[in-house]
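Read in UniProt numbering, the sequence shown has 51 at position 51, and its numbers run on one by one without any break.
Bear in mind the hints are in silico, worked out from the structure with no lab data behind them. Beta carbons: idealized from backbone N, C-alpha and C, even for Gly. Treat the hints with care, since some could be wrong.
[Stated by the list, open to error] Lysine to aspartate or glutamate pairs mimicking DMTMM-like chemistry, simulated, CA-CA at most 25 Å apart:
{"#": "1", "residue 1": "LYS144", "residue 2": "ASP159"}
{"#": "2", "residue 1": "LYS141", "residue 2": "GLU43"}
{"#": "3", "residue 1": "LYS141", "residue 2": "ASP126"}
{"#": "4", "residue 1": "LYS141", "residue 2": "GLU84"}
{"#": "5", "residue 1": "LYS141", "residue 2": "GLU189"}
[What the hints assert, rightly or not] Pair ranges (Cβ atoms, derived):
{"#": "6", "residue 1": "GLY113", "residue 2": "GLN50", "range": "28 to 36 Å"}
{"#": "7", "residue 1": "LEU95", "residue 2": "ARG49", "range": "17 to 25 Å"}
{"#": "8", "residue 1": "ALA102", "residue 2": "GLY56", "range": "29 to 37 Å"}
{"#": "9", "residue 1": "LYS37", "residue 2": "GLU104", "range": "23 to 31 Å"}
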Amino acid sequence: MFELVCVTHRGLCADDLPRRVGELCRGGIRRVILREKDLPEEEYEALARQVLAQAGDRVVLHHFPQVCARLGAPRLHLSLGQLEEDPAIRNRVALLGVSIHAPEEAARAQALGADYVTAGHVFATDCKKGLPGRGLPWLEKVVKAVSIPVYAIGGISPDNLAAVARAGAAGACLMSALMTCPHPQTYVEQLRQAVS
Numbered sequence: 001m002f003e004l005v006c007v008t009h010r011g012l013c014a015d016d017l018p019r020r021v022g023e024l025c026r027g028g029i030r031r032v033i034l035r036e037k038d039l040p041e042e043e044y045e046a047l048a049r050q051v052l053a054q055a056g057d058r059v060v061l062h063h064f065p066q067v068c069a070r071l072g073a074p075r076l077h078l079s080l081g082q083l084e085e086d087p088a089i090r091n092r093v094a095l096l097g098v099s100i101h102a103p104e105e106a107a108r109a110q111a112l113g114a115d116y117v118t119a120g121h122v123f124a125t126d127c128k129k130g131l132p133g134r135g136l137p138w139l140e141k142v143v144k145a146v147s148i149p150v151y152a153i154g155g156i157s158p159d160n161l162a163a164v165a166r167a168g169a170a171g172a173c174l175m176s177a178l179m180t181c182p183h184p185q186t187y188v189e190q191l192r193q194a195v196s
């Protein structure tokens with residue numbers, strides 16, 4: 001089943017982030033990557049507690065392996081560089097995701113024990129202003145480079161979700177639209193219909 005993943009950005013969030021995450025999950029979001037990597041660790045942990053209270057084991061923490069341990073939430077998303085610097089992180093979490101930007105990076109992440117990768121950016125996005133998207137043929141190459149799930153990220157919308165699914169991605173990550181849409185549950189249901 002094609003999965004929809006929320007990547008958070010509290011700066012874009014139109015309302016209370018933990019509450020919005022709860023609504024998104026009720027609409028059908030399968031996983032939430034609590035990105036917020038600009039926060040100091042202590043503030044990140046406080047926010048993580050609130051988001052975990054709303055979405056439980058759908059929440060994947062980001063960047064702070066020690067917060068996973070303290071909160072008993074052994075799901076972590078990292079950059080490839082972080083994992084390469086400390087490969088033993090793999091043994092401290094139950095689910096490990098890695099951000100990659102090339103097929104060979106996806107293969108390295110898999111070799112280091114990643115359970116999934118996020119691959120991007122696939123389409124042009126405001127998060128990477130001025131940079132063209134890498135495109136669907138690139139996404140297909142990433143998918144072929146690994147046996148673990150690949151989640152597309154970057155410029156994902158209802159208009160291109162079906163094409164992302166056809167390219168072989170296990171799912172897609174969305175940030176801006178999920179943080180700003182006026183009716184989170186309804187919007188997620190529309191996304192699900194686009195790939196049903």
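Okay, the hints, checked on the actual structure:
no. : hint                       : result
1   : LYS144 - ASP159            : holds (24 Å)
2   : LYS141 - GLU43             : violated (38 Å)
3   : LYS141 - ASP126            : holds (24 Å)
4   : LYS141 - GLU84             : holds (22 Å)
5   : LYS141 - GLU189            : violated (29 Å)
6   : GLY113 - GLN50: 28 to 36 Å : holds (29 Å)
7   : LEU95 - ARG49: 17 to 25 Å  : holds (19 Å)
8   : ALA102 - GLY56: 29 to 37 Å : holds (33 Å)
9   : LYS37 - GLU104: 23 to 31 Å : holds (24 Å)
Comparing the model with each earlier hint shows violations of hints 2 and 5; every other hint is respected.
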